[in-house]
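Top to bottom, those sequences are chains C and Y. Every letter in the first sequence is one number past the one before it in this note's numbering, and letter 149, counting from 1, is 149. Offset between the second sequence (1-based) and this note's numbering: plus 238.
FYI, nobody ran anything at the bench for these hints, they're computed from the structure. Remember, it's a predicted structure, so these values are computed and weren't measured experimentally. C-beta: ideal position from N, C-alpha, C; glycine also. Keep in mind that a hint or two might mislead.
Beta-carbon label-pair distances, calculated as ranges [claimed, not checked]:
1. C:Glu84 to Y:Thr433: 34 to 44 Å
2. C:Leu157 to Y:Asp402: 50 to 60 Å
3. C:Arg69 to Y:Leu259: 42 to 52 Å
4. Y:Glu403 to C:Ser235: 35 to 45 Å
5. C:Arg180 to Y:Arg404: 52 to 62 Å
2 protein chains.
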Amino acid sequence: MTPDELEAALRAVGAERYHNLHPFHHRLHDGQCSRAEVQAWALNRYFYQSQIPIKDATILARMQDSALRREWRQRILDHDGEREGDGGIERWLVLTDSLGFSRDYVASTQGILPATRFAVEAYVHFCAERSLLEAIASSLTELFSPQVIGERVSGMLAHYDFVDERTLAYFTARPPQAQRDSDFALAYVREHATTRELQQKVLDALVFKTDVLWAQLDALWHAYVEGHRPPGAWSPEA
Amino acid sequence: MTPDELEAALRAVGAERYHNLHPFHHRLHDGQCSRAEVQAWALNRYFYQSQIPIKDATILARMQDSALRREWRQRILDHDGEREGDGGIERWLVLTDSLGFSRDYVASTQGILPATRFAVEAYVHFCAERSLLEAIASSLTELFSPQVIGERVSGMLAHYDFVDERTLAYFTARPPQAQRDSDFALAYVREHATTRELQQKVLDALVFKTDVLWAQLDALWHAYVEGHRPPGAWSPEA
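Here chain C stands alone, though its shape is the one from the complex (with noise of 0.2 Å):
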């Protein structure tokens, strides 16, 4: 394949297993979501967002080169913020602050589900045990984000009166981070998957990463939507 086939395929991946597609991400910015659904999303993503700096410093210490680094170290700024109170992680507290739940506990991480931690800590292990090309790859699902953020944001204010744009700040703040990332990460693998095998490695990577993105959102179908929670999870009734 050359680099424009390549990113083809790996726009086709995004167009058949990127999350807009599921279900609950339609329930959500249709407004169809309970209160206690959306508390659920933003109490298990949390542990999502609390480990992508963890996964972005797990690939800064796998590359030997500078300027790559200094490249990357810039994902890490976003999410841990300049100081006390600023990044992306703090404005998703802001975010579960106005859900009504209380810092430690979301911190503690200790409500949400088993599936949601097996398939963030399967991303993070992902990144420190495949190939560094196929690391940078699996962040490319950024290239889908933009799009899926503004559905989201313009839905979720217009449907729910528990949100609003403040404590929604997070998705505000993070279309151009992703731009910039994605446009970085993209022209990375152009360049480096230089061969049909390490194409298949790319395109592998991104269908990963679209899986651990999925199979959070059906952990929360399943458990809060269908209603089957499973031992030990955050229960609005509780």
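Given the coordinates of chain C, assemble chain Y onto it according to the supplied hints.
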């Protein structure tokens, strides 16, 4: 806690969270599963079976004591067998053979649910990353397996004409092995969990393992009972 109190607390974890309480277990042994659901269960659980000797070798590699390793290595022998055509994994493949899967397809694991993969890999990682005491404690679900296997086999033989004693031979062989293994692991944690903190780690390890098992049945239920099959997973129609 005294060792007896610790054992009682461990047995209470099983009584509250072991996967014999999961609706899929009841559905399976009550004869309510379709053949496709039994196929999906066997296909997915193959991946769990296939990783058990990996998990046990991971633990074995962390044991500094010959006597301890001699004890633990038996688990690997049980799963991998004495020769080609022998052992627990082979017996599991006899089941998937009988359900119409090719061995290449099963061994490729390409059709399993991502949630199965994430849960099982979480178990292997747990045994690599946590203390040896926690890794051994996480095996204690075997305390509860002889009973559940008895229910499962008699129920499946009574209700499904597509299984028989030969294809369920895995389960006939397991109970004495599980009994021996869990006797050993229980004695080990009773002896080595000598502080309240270590006892809590042992209990948490068993909770973790029940989550690993439960999450696999949740994923099966969501995908094949409710019909929300994630992209790429085995399809009964294909």
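Tested hints:
no.: 1; hint: C:Glu84 to Y:Thr433: 34 to 44 Å; verdict: holds (35 Å)
no.: 2; hint: C:Leu157 to Y:Asp402: 50 to 60 Å; verdict: holds (59 Å)
no.: 3; hint: C:Arg69 to Y:Leu259: 42 to 52 Å; verdict: holds (48 Å)
no.: 4; hint: Y:Glu403 to C:Ser235: 35 to 45 Å; verdict: holds (42 Å)
no.: 5; hint: C:Arg180 to Y:Arg404: 52 to 62 Å; verdict: holds (60 Å)
Checked against the numbered hints above, the structure breaks none of them.
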